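Participant: Here is what each chain is made of, one letter per residue.
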Amino acid sequence: MFTIVNREEMAGGTVILNEIEAPRIAAKARPGQFLILKANENGERIPLTMAETDPEKGTVTVIYMVVGKSTELFRRLGVGDAYQDVIGPLGQPTHIEPGKNVVCVGGGTGVAVLHPIARGMKQAGCDVTSIIGSRNKDLLILEDKMRLASTDLHVCTDDGSYGRKGFVTEVLKEKLEAGGVDQVVAIGPVPMMKFVSLMTKEYGVPTMVSLNPIMIDGTGMCGGCRVTVGGETKFGCVDGPEFDGHQVDFDELILRLRAYTEQERCSHELCKCEGRH
Amino acid sequence: MAVEKTPRQAMPEQPPLVRARNFEEVPLGYTAEQAVAEAGRCLQCKNPACVQGCPVNVDIPGFIKHIAAGEFDKAIGKIWERNSLPAVCGRVCPQEIQCEGNCLLGRKGEAVAIGNLERFAADWERRHHVCELPSRDVATGKRVAVVGSGPSSLTVANDLILKGHEVSLYEAFHKPGGVLVYGIPEFRLPKDIVGAEVACLQAQGVSLECDVVVGRTVTVDELFEQGFNAVYLGVGAGLPKFMNIPGENLVGVLSANEYLTRANLMKAYLFPEVDTPIPRGKRVAVLGGGNVAMDSARTAMRLGADKVSLVYRRSREEMPARKAEIHHAEEEGLDFQLLCNPVRYLGDDKGRLTGIECIRMELGEPDASGRRRPVEVPGSEFTVECDLAIVAIGSGANPLLTRSTPDLPLNKWGYVTANTDTGKTGKKGVWAGGDIVTGAATVILAMGAGRKAADSIHEYLTWGW
Numbered sequence: 001m002f003t004i005v006n007r008e009e010m011a012g013g014t015v016i017l018n019e020i021e022a023p024r025i026a027a028k029a030r031p032g033q034f035l036i037l038k039a040n041e042n043g044e045r046i047p048l049t050m051a052e053t054d055p056e057k058g059t060v061t062v063i064y065m066v067v068g069k070s071t072e073l074f075r076r077l078g079v080g081d082a083y084q085d086v087i088g089p090l091g092q093p094t095h096i097e098p099g100k101n102v103v104c105v106g107g108g109t110g111v112a113v114l115h116p117i118a119r120g121m122k123q124a125g126c127d128v129t130s131i132i133g134s135r136n137k138d139l140l141i142l143e144d145k146m147r148l149a150s151t152d153l154h155v156c157t158d159d160g161s162y163g164r165k166g167f168v169t170e171v172l173k174e175k176l177e178a179g180g181v182d183q184v185v186a187i188g189p190v191p192m193m194k195f196v197s198l199m200t201k202e203y204g205v206p207t208m209v210s211l212n213p214i215m216i217d218g219t220g221m222c223g224g225c226r227v228t229v230g231g232e233t234k235f236g237c238v239d240g241p242e243f244d245g246h247q248v249d250f251d252e253l254i255l256r257l258r259a260y261t262e263q264e265r266c267s268h269e270l271c272k273c274e275g276r277h
Numbered sequence: 001m002a003v004e005k006t007p008r009q010a011m012p013e014q015p016p017l018v019r020a021r022n023f024e025e026v027p028l029g030y031t032a033e034q035a036v037a038e039a040g041r042c043l044q045c046k047n048p049a050c051v052q053g054c055p056v057n058v059d060i061p062g063f064i065k066h067i068a069a070g071e072f073d074k075a076i077g078k079i080w081e082r083n084s085l086p087a088v089c090g091r092v093c094p095q096e097i098q099c100e101g102n103c104l105l106g107r108k109g110e111a112v113a114i115g116n117l118e119r120f121a122a123d124w125e126r127r128h129h130v131c132e133l134p135s136r137d138v139a140t141g142k143r144v145a146v147v148g149s150g151p152s153s154l155t156v157a158n159d160l161i162l163k164g165h166e167v168s169l170y171e172a173f174h175k176p177g178g179v180l181v182y183g184i185p186e187f188r189l190p191k192d193i194v195g196a197e198v199a200c201l202q203a204q205g206v207s208l209e210c211d212v213v214v215g216r217t218v219t220v221d222e223l224f225e226q227g228f229n230a231v232y233l234g235v236g237a238g239l240p241k242f243m244n245i246p247g248e249n250l251v252g253v254l255s256a257n258e259y260l261t262r263a264n265l266m267k268a269y270l271f272p273e274v275d276t277p278i279p280r281g282k283r284v285a286v287l288g289g290g291n292v293a294m295d296s297a298r299t300a301m302r303l304g305a306d307k308v309s310l311v312y313r314r315s316r317e318e319m320p321a322r323k324a325e326i327h328h329a330e331e332e333g334l335d336f337q338l339l340c341n342p343v344r345y346l347g348d349d350k351g352r353l354t355g356i357e358c359i360r361m362e363l364g365e366p367d368a369s370g371r372r373r374p375v376e377v378p379g380s381e382f383t384v385e386c387d388l389a390i391v392a393i394g395s396g397a398n399p400l401l402t403r404s405t406p407d408l409p410l411n412k413w414g415y416v417t418a419n420t421d422t423g424k425t426g427k428k429g430v431w432a433g434g435d436i437v438t439g440a441a442t443v444i445l446a447m448g449a450g451r452k453a454a455d456s457i458h459e460y461l462t463w464g465w
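Taken in sequence, the protein lines are chains A and B. Using the working numbering, the letters of the first sequence correspond one by one to residues 1 to 277. Using the working numbering, the letters of the second sequence correspond one by one to residues 1 to 465.
Honestly, the hints are just simulated from the structure, not real lab data. Every value quoted in this text rests on a predicted model; they were computed, and no experiment measured them. Virtual Cβ for every residue (Gly too), placed ideally from N, Cα, C. Check the hints yourself; a few may be wrong.
[To be verified] The calculated BS3-like cross-link candidates involving lysine-lysine, where the alpha carbons are at most 27 angstroms apart (straight line), are:
no., chain 1, residue 1, chain 2, residue 2
1, A, Lys28, B, Lys191
2, B, Lys412, A, Lys234
3, A, Lys57, A, Lys145
[Said to hold, decoys possible] Chain B regions said to be covered by chain A (calculated; three or more residues, Cβ under 8 angstroms):
no., region
4, 211-222
5, 254-262
Only chain B is shown next, with the shape it has when bound in the complex (with noise of 0.2 angstroms):
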C-alpha cells in the first residue's frame, strides 16, 4: 500500500545545543507540505482504535482527513467539536500511551503523528484567525463557579459556556492557566499559547477574577450564597512533596513547584529585568523521573548550569516522563544516575547546599504499581556534588480549600472524593476533577475529567441533583 512507503514526517527542531541556553520552543512546528503528507499516512481506519485512545475522544480520523484535503480550517473545527485546548494538547499530551498508542499503522511502523497534527492545526488557526467561535445556546441564567483556571477547569468553562450558562473562572495567582503557566516551562509551552486560549474563552463570555483565592479569599458556601447554582472545583494538587531526609531546608534545596513556578510564572529567567530571582545552579542535581523532573533539569541547563544530574531509584524503563521529554533531556547533555536513591544533603557552614549523599538501587520483585521495586545496595554510598537541588517526586492534595469546606468528603490521603463518570462530589452543588481528585496526573487527564463534570453539572443545572 501506498501509505506505508511515506516516513512518519519529523518535526523540526531547534538543535539540541543552540536550545539547551535559551528558552525558545524546542520543537518548530510542521510545515503545511509536511502537515498534508503525515495526514496522508492515516488510514482512516472504521472503527478507529485512536479515537478510544483520546481521554476528550476527539474525531481523529475526521480532522486528519481534512488537512489531507488542505482544508485546515475545517480540520480545526472538527478538533474544537470536543477539544477546547488543541493547542496545549498537542505539544503536552503522552500521545505514545495514548492516541498514537493505539494506531494500527504502529504496530508494524510508525504511528500517525497525531498530536504533531493537532499542534499544526490549533497553530495555523490562530496565526489565521479564520473559524468562528462555535455558537453559544440560549442562555439558561443559571451561574456556575469553577474554581482554578487549570486544563480541567479551562474545560469545564468552556462546555458550560457553550450550554448558555454564566460561568465565572477564580484563580490564586495573578494569572489564568495554572499548571500550564506556573508548571510547563516556555520552550514546551509557550505563555502565549496559553494566553490565547483563555482569552477564547473570555470572548466567548466567561469572566476571569485572578488574586482569588478560593477557601481563604472566599470560602466555597459564600459562593453558594452570591448566588452560584454550582461549583466546579479544579484546584490541582498544588502540595509539593519532600524526601524527608536530613538536611532539606538547606540553602538550595528547592521543590519543583517553587523552582519552576519562579522560572515559568514570575519569568525569573529574565533577572534582573524582571524583580524574581531563581537559584542559578552550575551542579544541578533534579531528584525524581517523571515530567517535572525533566521541566526542571532542562530549566537548570537554559539557567546556565555545567552539569545536570536526573537522580532516580528506579531504572530508565520506569521514568514516568513522557517518551520525547527523556529524549529531548538526553540529547541536551542531561547526566542520568538511574538506580541511584538520595539519602542525605550535604551543606557548608553557611547552610548552603555541597552535594547529595546517594547510595546505589537495584531492581527486586514487583511492588504494588506493578514496577520492580527498588531495594538498597548495602555500602554503596557515593555523593552526588551539587549546589542546587530540585526536589520533582510528585504532588500531594493540597489542603487550603479542603480545610475550608467541612462538608467535602476526602479520601484518606485529602483528595476530593468525586465520583468517576460525572466528577460529582457528597457535597451538594460540588463537582471536582483533576488533580485533586485523581492526584498528579496529565493535562489531557484532567480536561477529561473536565468534560465529564461539565456534562453532569450541566443535567444537574438543567433537570436538578
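Chain A on its own, in the form it takes in the complex (with noise of 0.2 angstroms):
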C-alpha cells in the first residue's frame, strides 16, 4: 500500500496532487520517469509522469485531471488513503544537456510533467523560455513553480482570461523568429505537441515530447503503447516516454488513445452512479 501523504485540488477541482509515500522509488526516480498507479483491487493500472520527487522524504507526487473513472477513484483517495499498487520509476530520464538555451512549451497538465525538466535544466546551466496555457484562468496550474523554473515564464490562455490571449504557439513563433533556440520541450495534450512540433521542424530546432499512450505492464511486455517514430516501431513505456517530437507520428497515436473512448465512457457513466448513492 502506498499512503498519499498530501493532496490538493487545482483548476477549480479537475485537477488533483497527490503526494505519495514511496520511498524505493522516490530514491531512483529522475526527472521525465513515468509510475503506474492502481487505486484498489479492480483497478486499472494507470500511467502518470511524476510532477516531483523527494528522496530525503520518500514520496513521489503526480498531477492528474480527473477525465475518466480510473482517476475519478484517484480523486475520491485522501490524505492517510492509499493507492494499493504504484510501480516506478519507469520509463526513460529526460536527456538534460547544459548550458543550452531551451524554451519549454506546457499545455495542461503537461505543465506538471514539464516543472521538473524545466527545473533541471534551469539548475543545469540553461538559459530556459517557458511558455505555459491552458483554456482558462482557472485551469491554470502550477505557474509560481514554473516561473520560478524558468528564467523568462510566458503565459497564455485561449479566452484571454489571463496572460496573453491565444495559443502557446503564438509565442513560441516569435521566439523562434528571434532566433538562438537550440532546443524546445513541448509536453501537453497531444494536439499542442503535434502543433510545436510541425512549427519546430520548419525552424529546424530539435524539439522533445512526452508521450502518454495506452499501457498495462509499463515494463516492455504488452506492447499496447507502441508508437511509430521515425517510421519505426517504439514502446513508449521503454523506449519513452520522451521523443523526437519531429519524428513522432502523432495521428497514429491519437487514433490509438481513442480505442477504449466507449469502454471509458461507460465505465465513467457507471462510476458517475455509484458516487450519487
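Fit chain to chain and form the complex, with the hints in mind.
Facilitator: Written out as C-alpha cells, the structure is:
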C-alpha cells in the first residue's frame, strides 16, 4: 500500500495533486520518468509521469486531471488513504544537456510534467524560456513554480482571461523567429505537441515531446503503447516516454488513444452513478 | 493381462458449446473412483521411462501406487518430494511428449493418464488440507533474492526455503505467479490454484514483494548491497514479437501478451465490474500455432466472438501447441486457416482494423528446426475479415533487467547465458533459468531449470562459488 501524505486540488477541483509515500521509487526516480498507479483490487493500471520526487522524505508526486473512472477513483482518495499499487520509476529519464538555450512549452496538466524538466535544465545552467497555457485562467496550474524554474515565463489562455490571449504556439513562433533557440521541450495535449513539432521542424529546432500512450505493464511486455517514431515502432514505456517530436506519428497516436473510448465512457458513467449513492 | 482391459479413464469436461461461453475450467477432474481405476492401469515398471521424461523427475509409479491403494495423502507427499506445483503441472504440462509419451502402455494402447492423476492428487490435498508441509532445515542465515514469481522462481523459492535459507521473491506486477497469472487463462488454470501455491510458499517463510521492477525500482547490484548472498533471475521472456508488416499499429491489433494480460491478470472479461477494458472482437484472427495462440483464440470465443480464425503458416502437424488445447479449441468451434501467412493489415479511416490480407503457403524442404519450411504460393492472396487480430507468434528477451546489469553476459538474442546444468551465469552470485535463458518454453521446463539452479545456489551458499 502506498499512502497519500499530501493532497491538493487545482484548477477548480478538476486537477488533483497527490504526494505519495514510496521511498524506494523516490530514491531512484529521475525527471521525465513515470509511475503506474492502481487504486484498488479491481482498478486499472494507469501511467502518470511524476511531477516531483523527494528522496529525503521518500515521496513521489503526481498531478492528474480527472477524465474517467480511474482518475475519479484517484480523486476520491484523501490524505491517509492509499493506492493499492504504485510501480516505478519507469521509462527513460530526460536527457539534459547543460548550458543550452531552451524553450519549454506546456499545456494543461502537461505543465506538471514539464516543471521538473524545466527546473532540471535551469539547474544545469540552461537559459529556460517557458510558455504555459490553458483554456482559461481557472485551469492554469503551477504558474509560480514554473516562474521559479524558468529564466523567463509566458502565460497564455485560449479565452484571454489571463495572460496573453491565444495559443502557446503563437509565443513560440516569436521566440523561434528571434532565433538562438537550441531545443524545444513540448508537453501537453497531443494536438498541442503535434503543432509545436510541426512549427519547430520548419525552423530546424530539435524538439522533445513526452507521450502517454495506453499501456498495461510499463515494462515492455504488452506492446500496447506502440508509437511510430521515424517510421519505426517504439514502445512508449521503455523507449520513451520522451521522443523526438519531429519523428513521432501523432495522428496514429491520437487514433490509438481512442481505442477504448466507448468502454471508458461506459465505465465512467457507471462510476458517477455509484458516486451518487 | 488385466491391466490392458481397463480403458484409460476419460476426463469429465464441460460440454464444448457451454464452456466456449464461460471462463470456468474446462476439465472437471477425476472422481476418486476414476482416479483409483486409472492408477490401477499403471504397470509399475522397474525402470520407469515416464520418470526420465519428467523434467523434475517425479517418482511417478510411486505416487500412482498410493492412488491405486486409495492413499491420496501419501500420493501428494510423494509428488511434493520433487514438484512443488503439482496442481499447475497436472493441468499445463505437455504430458504427451514427456511422462505419458514414454509410458510403456502407450506403445500398444493408451498411456496412463499421469497428468490427470497428478492433478487429482493435488486437488484432493487442496480440498482436504491433511498433509503437513515439508519440514525446513536449520536456518543458514543466508539470503537469496528471487526475481520474478513465475514457475521457475517459485521452484527455486520452494527448494531453497526448505534448505534453510531466507528467500525474498520480487514481482514486477501487482500479483504473483508470472505467466501462470497473466498468461494462462482461468479456464485452463484457475487463478485460485496459483494463489494457493504461492500462499503455501509464504506459509513456509518465503517473503513476497509485488510492484518491484528489478532493473528499475532496484538493480541486481543493489540487491547484493542490501545483503543478499545470491540472486536468481526468473523474469521470463516478456518481449512480444510482432509480424513487422504494414498496418500493425491499427487499433484492433494486439500482442497476445497484451490481450491475455488484460483478460487474465486484469480480469477484463468482467468489465465493467472491473475497470480494465478489453476489445470484444466479433470476428477475430489469431496469428500463431502455439499454446498462447490457442489461449488467445479460446479467450476471444468466451468474450462473445462470432467467429475466431487461427492463422498459421505451417500445417497442423507442425503446430507447437499442446494436443489437448488444439483438440479443445477445435471442439469449441475454432476455424483453422492453416498454411496461410499474413501480408498486411487492412484498416478504415478511423485507424481501426477491418481485415488481414493473407497469402497461401505450401510446405517445402525441412528447415533448421526439422519442420518443413512453408513457401508462398504466388497469386494466392485473400482477405481474412476481422475487427480484432491477436499476434501470438512468440516472445523475445525483454531487455529491461539485463540492460541495467551491464556485466551480465547475454547471447546474441539478448537471453541470459547460463550453464545448462547449474543455471550459473557469468556474473558472480547470479543464477538464471526459465524463458529468460531458453526463450519461450513450458512451465515444467522452467521448473526443471529452477530445480537445478536451486541445487547449485545451495552448493554455493554452503561451499562457495
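Participant: So, for every hint listed, does it hold in this structure?
Facilitator: Hint check results:
In summary, the hint linking A/Lys28 to B/Lys191 is not supported, as the alpha carbons are separated by about 33 angstroms, beyond the 27 angstroms threshold. For the given pair, B/Lys412 sits about 21 angstroms from A/Lys234 by alpha-carbon distance, which is consistent with the 27 angstroms threshold. For the suggested pair A/Lys57 and A/Lys145, the alpha carbons sit about 20 angstroms apart, so the restraint of at most 27 angstroms is met. Here the region 211-222 of chain B counts 6 residues with a CB under 8 angstroms from a CB of chain A, which clears the bar of 3, and the coverage holds.
A stretch counts as covered by a chain when three or more of its residues have a beta carbon under 8 angstroms from one of that chain; for the region 254-262 of chain B and chain A the count is 6, and the coverage holds.
Consistency note: the structure conflicts with earlier hint 1 alone.
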